[in-house]
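Using the hints provided, position chain F relative to the given structure of chain Y.
Heads up: the protein sequence lines correspond to chains Y and F, in order.
Going letter by letter, the first sequence gives residues 4 to 512 in my numbering.
Going letter by letter, the second sequence gives residues 4 to 512 in my numbering.
In short, the hints are calculated from the structure, not lab data.
Treat the hints with caution; some may be incorrect.
Where chains are identical, the list cannot tell them apart; a pair therefore holds if satisfied intra-copy or between any two copies.
List time: in silico BS3-like cross-link candidates among lysine-lysine, alpha-carbon distance up to 25 Å [claimed, not checked]:
#1 K475 with K28
#2 K432 with K96
#3 K39 with K433
#4 K221 with K158
#5 K96 with K301
#6 K432 with K454
#7 K96 with K433
2 protein chains.
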Amino acid sequence: MKYKIKEINIDAGEFTVILNVKDAKEMGVRSLDRVKLITPKKTITAVVETSTSVVEEGEVGVLCKVLEELKGVESGAVDIVRTDKPHSVELIKHKIDGKSLTSEEIREIITDIANHNLTDIELTAYVMATQLRGMTLDETTYLTKAMVETGDTIKLDKSPIFDFHSIGGAPGNKITFLVVPIVAAAGLLIPKTSSRAISSACGTADIFETIARVSLTKEEIKNITEKIGGVIAWGGNVNFAPADDIIIRVEYPLSLDPYSQLIASVMAKKKAVGANFFLLDIPIGPGTKVTETELANKYANDFIEIGRRLDMHVECAITYGGQPIGKHIGPSLEAKEAMMCLEGKAPSTSVVEKSVAMAGILLEMGGIHNGKTVAREILDSGKALAKFREILEAQDGNPDLKSEDIIPGEFKAEILAPSDGYVIFLDNKKLVRVARAAGSPRDKGAGLVFKKKRGEKVDRGEPMFEIYADNKHKLEEAVNLSNLIKPYQVEGMIIAHIPGSGRTSTYSK
Amino acid sequence: MKYKIKEINIDAGEFTVILNVKDAKEMGVRSLDRVKLITPKKTITAVVETSTSVVEEGEVGVLCKVLEELKGVESGAVDIVRTDKPHSVELIKHKIDGKSLTSEEIREIITDIANHNLTDIELTAYVMATQLRGMTLDETTYLTKAMVETGDTIKLDKSPIFDFHSIGGAPGNKITFLVVPIVAAAGLLIPKTSSRAISSACGTADIFETIARVSLTKEEIKNITEKIGGVIAWGGNVNFAPADDIIIRVEYPLSLDPYSQLIASVMAKKKAVGANFFLLDIPIGPGTKVTETELANKYANDFIEIGRRLDMHVECAITYGGQPIGKHIGPSLEAKEAMMCLEGKAPSTSVVEKSVAMAGILLEMGGIHNGKTVAREILDSGKALAKFREILEAQDGNPDLKSEDIIPGEFKAEILAPSDGYVIFLDNKKLVRVARAAGSPRDKGAGLVFKKKRGEKVDRGEPMFEIYADNKHKLEEAVNLSNLIKPYQVEGMIIAHIPGSGRTSTYSK
Chain Y
4 MKYKIKEINI DAGEFTVILN VKDAKEMGVR SLDRVKLITP KKTITAVVET
54 STSVVEEGEV GVLCKVLEEL KGVESGAVDI VRTDKPHSVE LIKHKIDGKS
104 LTSEEIREII TDIANHNLTD IELTAYVMAT QLRGMTLDET TYLTKAMVET
154 GDTIKLDKSP IFDFHSIGGA PGNKITFLVV PIVAAAGLLI PKTSSRAISS
204 ACGTADIFET IARVSLTKEE IKNITEKIGG VIAWGGNVNF APADDIIIRV
254 EYPLSLDPYS QLIASVMAKK KAVGANFFLL DIPIGPGTKV TETELANKYA
304 NDFIEIGRRL DMHVECAITY GGQPIGKHIG PSLEAKEAMM CLEGKAPSTS
354 VVEKSVAMAG ILLEMGGIHN GKTVAREILD SGKALAKFRE ILEAQDGNPD
404 LKSEDIIPGE FKAEILAPSD GYVIFLDNKK LVRVARAAGS PRDKGAGLVF
454 KKKRGEKVDR GEPMFEIYAD NKHKLEEAVN LSNLIKPYQV EGMIIAHIPG
504 SGRTSTYSK
Chain F
4 MKYKIKEINI DAGEFTVILN VKDAKEMGVR SLDRVKLITP KKTITAVVET
54 STSVVEEGEV GVLCKVLEEL KGVESGAVDI VRTDKPHSVE LIKHKIDGKS
104 LTSEEIREII TDIANHNLTD IELTAYVMAT QLRGMTLDET TYLTKAMVET
154 GDTIKLDKSP IFDFHSIGGA PGNKITFLVV PIVAAAGLLI PKTSSRAISS
204 ACGTADIFET IARVSLTKEE IKNITEKIGG VIAWGGNVNF APADDIIIRV
254 EYPLSLDPYS QLIASVMAKK KAVGANFFLL DIPIGPGTKV TETELANKYA
304 NDFIEIGRRL DMHVECAITY GGQPIGKHIG PSLEAKEAMM CLEGKAPSTS
354 VVEKSVAMAG ILLEMGGIHN GKTVAREILD SGKALAKFRE ILEAQDGNPD
404 LKSEDIIPGE FKAEILAPSD GYVIFLDNKK LVRVARAAGS PRDKGAGLVF
454 KKKRGEKVDR GEPMFEIYAD NKHKLEEAVN LSNLIKPYQV EGMIIAHIPG
504 SGRTSTYSK
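With the rest of the complex left out, here is chain Y:
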């Protein structure tokens, strides 16, 4: 039977159609069952929701993803028949039952995910099964390959290709802006793609976007890297490992990040740009994604082994991420600090030292002896700054940009030390909440500037950090949140006061 197409512009994330309840009953389908929409040119599988009034009998409501598929194919009417759920749902059940999956089975699941063929329920079952059952190294290798194969890839005309990545959780980790130009200035190729913030204060793409264009095409990434050695692009603009973004859609609300999925997600994106040499930064410490050394070592070994199986030479650096890297958090503020470091005006040593050390390892992987010394010379000599300006220019930024040109948000507040003493803890997660309350990453000028970091001595009433915002209201919200959750500890400060009545009240002064 033909159903009249009714366009419904809702992005439900899945391939969804809406049927009138009477039609659905007649067809023997219920909510979340699947149907095939048949047109002379193509057949589309979609998940059913039912309604008594959005669509009349004889109509089919077609949501965004299906609408795109039908574009130019059919706009009048389609045949609809009931169909079974994809076989990969059975394979997910195998994983739930604790079985290992074969290469073909994993490819089938990932293909269905990449093609939006699984419902949120099925996708969550997949993520939960990998979280709770785990995956063998074989399975993780298959997963990585399947994620590469179901997406786009870049093939540079030159080689070898170098790349690096930092596992999340350390705010202010802006080393990309030093490492890429140092490595490129040393004559190596580094087509770096980065992400935007999901739950962090801001991602590398959010930062660079304040001073350059990050939405590059595959061709631009290839051409810029071949021409000047390095690029800093937003990974979301290219279709590398598209299954990953879909999986993240369900991981994010549950704050889940299964072990094997993290490895496959990183490795697939590196494989997609054709990396031959890959350095992984694993920040550890309170509030990072990988808090313990033991887990960091396990990750390191597994990344190296999976790399071996994918013909990629992988090395890992375990770094300290238990407090923010450098002094600035927030899109414009981090761009500013990065420029300051490149100009030789670094406000603290941690960004420079970490960047030089990481770039040094990459140079040695590329056969350059005394990598760290060479990296430092490239930075100190201004060659890194010159290369960064080339990258800026290639990505439509201002090649003459200076750090003082980058202006943070116009509204500013100071958070003062509550007592005399040494700073014993800066809480990454709480600081991220404060930065986000101030508007980061959406408001480019929002963020934090640290006046005192861990181990430094402060006097009562001295500024601990500044909050910047583009919006007065958000600044107030961030200040209130900071006063409430206290994202730092000063030795001697009373953290909580338990009065005699037994109630607990948090000190507010």
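Positioned in the frame of chain Y, the structure of chain F alone reads:
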């Protein structure tokens, strides 16, 4: 800011609102985040989807569940603010991490589920966590209580209350229609609620609906039971343990049924009718839900223990369910077979024997000695039939109904034995697929009638079973499916033929 309400009649299963992408960005919410809709009278929490065109800027699209909540409260405009996800999502994370949950924590999760406060992703995470982490007996007890407390209950003016339940998987298990009238005729109270088919060929409610009204109110269930001792109602019409139906929504597409959830689901519904004595039927054998004796014993022990904690005396009967019970499958056909058994014209012994045995145990739980003998006397004497007619009359059926008045589907086909030999296997799951292909449970006349059951001798070409359908096309589909999947085995029959080329072809004759 006020948003203009736009009604969108889609039942998405969750509390969902649609915001224009620009408004969502401004508000800092993304798809699947939550917002509060604030009216002077009440505040409603809902999950956000975004759209570029279904709603304009300044509008909020309100789907079914939210629409119901707003009815009579507000139809013009509402304030909307971003809000965090419910605390129960954190508690689900505890379960994912392998922690045991307290009574209060489980109540919080179940309350949020019953109030439609969790998204499909969060709900699936809960089901997967209970499936893979399991629950202690304490947790299962808390779960049962929470499911009772978040729904309606019935309090009869008389006591004690008797009840029974069969775990699924044995097709044709129509014993309710004998057990309820026998027990009621013996003077005991048995307010039986039953379900409709989810994945089975048909449920008790689907069967009884062909000859009586099953959508009874709480008051009707109470009054009929108090007046005549027994009732056979559809549980879906009353709000017992409403969290269960919502959980089933995600279990069904994954064919999952976590151990502890099964126990809590059954026990909560029995507690909701105030059962003091409860008999559980656990059919075992190939194709049933509980295939192994060992698992059946574990279920039995845990049901009994949870019963003890809930002040309910529980006994269990492990029965054989490795082939269909009786000779008929399908709504009208099972109603007909049940009437035949009550009239003393049973087409086979299995329904009568099982019903008398089960009723006998219930009578003994009620202090009646020689329960099975008494049960058989009640059946043989026609007292059970008389009581069944009383129930029929109380539920708006025809009290003078005779089995020959019940007519199955008008289209019929015979499936013939492929060779001489003994029937060695009737495959429950495949038979259910054939019955459903024929139209069961939606088409009341659709179903199967067995001519030969396990252990019986057949000659080649003799009818194995008949397929009935209300619709010629569906009959053909069912016959084709039966020929393809062969839901039986006859000793001596070739099941598959592997030709020399290595291809496998299934024999079709």
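Now for the hints, and whether the structure bears them out:
no., hint, verdict
1, K475 with K28, "between (54 Å within a copy, 18 Å between copies)"
2, K432 with K96, "between (35 Å within a copy, 18 Å between copies)"
3, K39 with K433, "between (48 Å within a copy, 24 Å between copies)"
4, K221 with K158, "within (9 Å within a copy, 69 Å between copies)"
5, K96 with K301, "between (27 Å within a copy, 23 Å between copies)"
6, K432 with K454, "within (18 Å within a copy, 69 Å between copies)"
7, K96 with K433, "between (38 Å within a copy, 20 Å between copies)"
Checked against the numbered hints listed earlier, the structure breaks none of them; every hint is satisfied.
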